[in-house]
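> Listed below are the residues making up each chain.
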Amino acid sequence: MTVFKKIFNFYVDGFKNQSKSSRKLWFIILIKLFIMFAILKVFFFKDFLKSKELNEKEKSEYIINNLTKQNDEPN
Amino acid sequence: MNQIDLSLVDWSRAQFALTAIYHWLFVPLTLGLSFIVAFMHTIYYRTGKKEWEVITRFWMKLFGINFAIGVATGIILEFEFGTNWSNYSWFVGDIFGAPLAIEGIMAFFLESTFIAVMFFGWNKVSKKFHMLSSWFVAFGSNLSALWILVANAWMQNPVGMHFNPETARNEMQDFWAILFSPTAVHKFLHTITSSYIVGAMFVIGISAWYILKGRHIVFARKSILIAAVFGLVASIFVAATGDNSAYDVAQQQPMKLAAMEGLYDGESNAGLVAIGVLTPNKEPNDEKDPFVFSLKIPNLLSALAERDVNAFVPGVNDLVYGNSEQNIPAVSERMENGKLSIEHLRKYNDYKKEGNEIEAAKSLEIFEENYKDFGYGYIEKPEDMVPNVPLTFYSFHLMVGLGFLFILIFIVTLYNVFNDKLKDKKWLLRALLWSIPLTYIASELGWIVAEVGRQPWTIQDILPVSMSTSHLSTSSVMITFAMFAILFTVLLIAEVRIMLYQIKSGPKDL
Chain A
1 MTVFKKIFNF YVDGFKNQSK SSRKLWFIIL IKLFIMFAIL KVFFFKDFLK SKELNEKEKS
61 EYIINNLTKQ NDEPN
Chain B
76 MNQIDLSLVD WSRAQFALTA IYHWLFVPLT LGLSFIVAFM HTIYYRTGKK EWEVITRFWM
136 KLFGINFAIG VATGIILEFE FGTNWSNYSW FVGDIFGAPL AIEGIMAFFL ESTFIAVMFF
196 GWNKVSKKFH MLSSWFVAFG SNLSALWILV ANAWMQNPVG MHFNPETARN EMQDFWAILF
256 SPTAVHKFLH TITSSYIVGA MFVIGISAWY ILKGRHIVFA RKSILIAAVF GLVASIFVAA
316 TGDNSAYDVA QQQPMKLAAM EGLYDGESNA GLVAIGVLTP NKEPNDEKDP FVFSLKIPNL
376 LSALAERDVN AFVPGVNDLV YGNSEQNIPA VSERMENGKL SIEHLRKYND YKKEGNEIEA
436 AKSLEIFEEN YKDFGYGYIE KPEDMVPNVP LTFYSFHLMV GLGFLFILIF IVTLYNVFND
496 KLKDKKWLLR ALLWSIPLTY IASELGWIVA EVGRQPWTIQ DILPVSMSTS HLSTSSVMIT
556 FAMFAILFTV LLIAEVRIML YQIKSGPKDL
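First to last, the sequence lines map onto chains A and B.
Mapping the first sequence onto this note's numbering, position 65 (from 1) lands on 65, and the numbers just tick up by one.
With the second sequence counted from 1, adding 75 to any position gets you this note's numbering.
Careful, some of the hints might be misleading.
Simulated pairs of lysine-lysine, BS3-like, Cα-Cα distance not exceeding 25 Å [what the hints assert, rightly or not]: (1) K136(B) to K20(A); (2) K136(B) to K69(A); (3) K427(B) to K437(B); (4) K202(B) to K124(B); (5) K437(B) to K414(B); (6) K199(B) to K16(A); (7) K125(B) to K52(A); (8) K5(A) to K199(B); (9) K288(B) to K422(B); (10) K46(A) to K57(A); (11) K6(A) to K288(B); (12) K363(B) to K414(B); (13) K447(B) to K59(A); (14) K288(B) to K496(B); (15) K24(A) to K447(B); (16) K136(B) to K202(B); (17) K125(B) to K69(A); (18) K69(A) to K57(A); (19) K125(B) to K136(B); (20) K57(A) to K456(B); (21) K371(B) to K32(A); (22) K20(A) to K199(B); (23) K203(B) to K69(A); (24) K6(A) to K414(B); (25) K20(A) to K583(B); (26) K422(B) to K69(A); (27) K427(B) to K16(A); (28) K24(A) to K583(B).
Computed from the model, here is a short list of chain A residues facing chain B with C-beta under 7 Å [what the hints assert, rightly or not]: (29) T2; (30) V3; (31) F8; (32) V12; (33) G14; (34) L25; (35) I28; (36) K41; (37) F43; (38) D47; (39) F48; (40) L49.
No lab work stands behind these hints, which were simulated from the structure alone.
Where is the CB? At the ideal position from N, CA and C, for every residue including glycine.
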């Protein structure tokens, strides 16, 4: 048996023979990751600069503009 | 300068504080309990005694619950960097990216690989490899913490970088200077050793509960012995690393130290406040005495801050209004430097666009000469440099008081374990159980001192919080704040319930 197959079987056995509490924990982990990545990240936590569809140079200009705005300029 | 709406800044700040505080409820137990489990596992490996297998399995199970519920809660902080703190995220450039990338790889390969061996490996892999996997998980968890703390330390003491005025990003120049800056070293050592206290008290407190209930006495006694030795050694290290951290704060963030000590007027032979009650509504440079009541240990603050009992320790007023005798510039001077630096950052980029290289070079020189005070250019008035003194002061003193209490608790516990008197002292057993939340409180207080005490800075002297946020609507931040509060509270309730169920079920009887 190859090393990779042994490792694979080790994980499969481990997951198969988990206790009830361990399965409950996996369920909580999966729900949590779903909420975090499929809901929060997608709908509420878009990367602010990426969402502006700027290239790297434009992003730099945007930040420099933010950092060096004068008092009389609009926000 | 045109700054972002303050309510947006405060909500973004509150959201980050909420997620960081919740995240930190899971982390210290992982860091501390992982090593305790590794020690127990090693004893089982060496002795082969069944009782140590039971002990190791039980605490490993509780470690697993905490790890599973807490895993990835820190990623939400990274979401917030990209969404709420885009100015900051861009500004820090690869300084933050590199340590976080290494952390991701370390966490994935070390923790994820060996945690599976640790839990699934009973009777499946060799006993030696299985025991070593517990150690790898412990070291992996602690190494993950290292990279996050290095990134945080850089914000408190930005070294090893160069700001590129064309990209508006800090570029890493010396990785080793960032990794081994005194701030990073002291912060890492102080944070992980304080987490070991959380792990130790968790084991001791739960074991004390078993003794109170008359259950699993042998298991509890052996668990307490291991955890109390580990906790005592860790708590002595915490005191030593705390001293080094305070020295580093005195050198890099004197305003934070002044707030920690409620010191308004600097003095030579400064005393350390052992106990004190601050005067409410005290403002810089007013006539009020800073303390309603205080008990000071003479000369100790000078000794701790400067390693010299006669040294001068600056207070809030010296740092805000300047002290020419001590060569401390006023904030107003640094504000002028900062404004000049910002102005020439803009001019430099304008001249570059126009192709005027001569003027661009002149502006660059002025910008770089004043860059050390860049962030001061955004400060509206000198008094804005003062963090929340009561919150910093009380958090610091309560944390230190609890730290010394923990040393005492570990000594008393060990004395009673060695003399086999623990089971007769119900008051001590109850105190040990109730000491579990105290360790969490002390750990969170440490972060409050570190983060509240460095306000108004996101990056010390270079970028204030008010310039770090994205231009979002305040309501959207309020909504995500509420969502996080609900999500994390649900996770915490789930953790506590599953933990309590496992604790009530107890270990398999010896």
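> The structure should be examined with respect to each hint, and the outcome stated for every one.
Results of checking the hints against the structure:
| no. | hint | in the structure |
| --- | --- | --- |
| 1 | K136(B) to K20(A) | holds (12 Å) |
| 2 | K136(B) to K69(A) | violated (55 Å) |
| 3 | K427(B) to K437(B) | holds (11 Å) |
| 4 | K202(B) to K124(B) | holds (13 Å) |
| 5 | K437(B) to K414(B) | holds (16 Å) |
| 6 | K199(B) to K16(A) | holds (14 Å) |
| 7 | K125(B) to K52(A) | violated (61 Å) |
| 8 | K5(A) to K199(B) | holds (14 Å) |
| 9 | K288(B) to K422(B) | violated (73 Å) |
| 10 | K46(A) to K57(A) | holds (20 Å) |
| 11 | K6(A) to K288(B) | violated (44 Å) |
| 12 | K363(B) to K414(B) | violated (33 Å) |
| 13 | K447(B) to K59(A) | holds (24 Å) |
| 14 | K288(B) to K496(B) | holds (16 Å) |
| 15 | K24(A) to K447(B) | violated (52 Å) |
| 16 | K136(B) to K202(B) | holds (18 Å) |
| 17 | K125(B) to K69(A) | violated (69 Å) |
| 18 | K69(A) to K57(A) | holds (18 Å) |
| 19 | K125(B) to K136(B) | holds (17 Å) |
| 20 | K57(A) to K456(B) | violated (33 Å) |
| 21 | K371(B) to K32(A) | violated (49 Å) |
| 22 | K20(A) to K199(B) | holds (20 Å) |
| 23 | K203(B) to K69(A) | violated (62 Å) |
| 24 | K6(A) to K414(B) | violated (64 Å) |
| 25 | K20(A) to K583(B) | holds (16 Å) |
| 26 | K422(B) to K69(A) | holds (12 Å) |
| 27 | K427(B) to K16(A) | violated (64 Å) |
| 28 | K24(A) to K583(B) | holds (20 Å) |
| 29 | T2 | violated (17 Å) |
| 30 | V3 | violated (13 Å) |
| 31 | F8 | violated (12 Å) |
| 32 | V12 | violated (10 Å) |
| 33 | G14 | holds (3 Å) |
| 34 | L25 | holds (4 Å) |
| 35 | I28 | holds (6 Å) |
| 36 | K41 | holds (6 Å) |
| 37 | F43 | violated (10 Å) |
| 38 | D47 | holds (4 Å) |
| 39 | F48 | holds (4 Å) |
| 40 | L49 | holds (5 Å) |
Violated hints, in rising order: 2, 7, 9, 11, 12, 15, 17, 20, 21, 23, 24, 27, 29, 30, 31, 32 and 37; the structure is consistent with all others.
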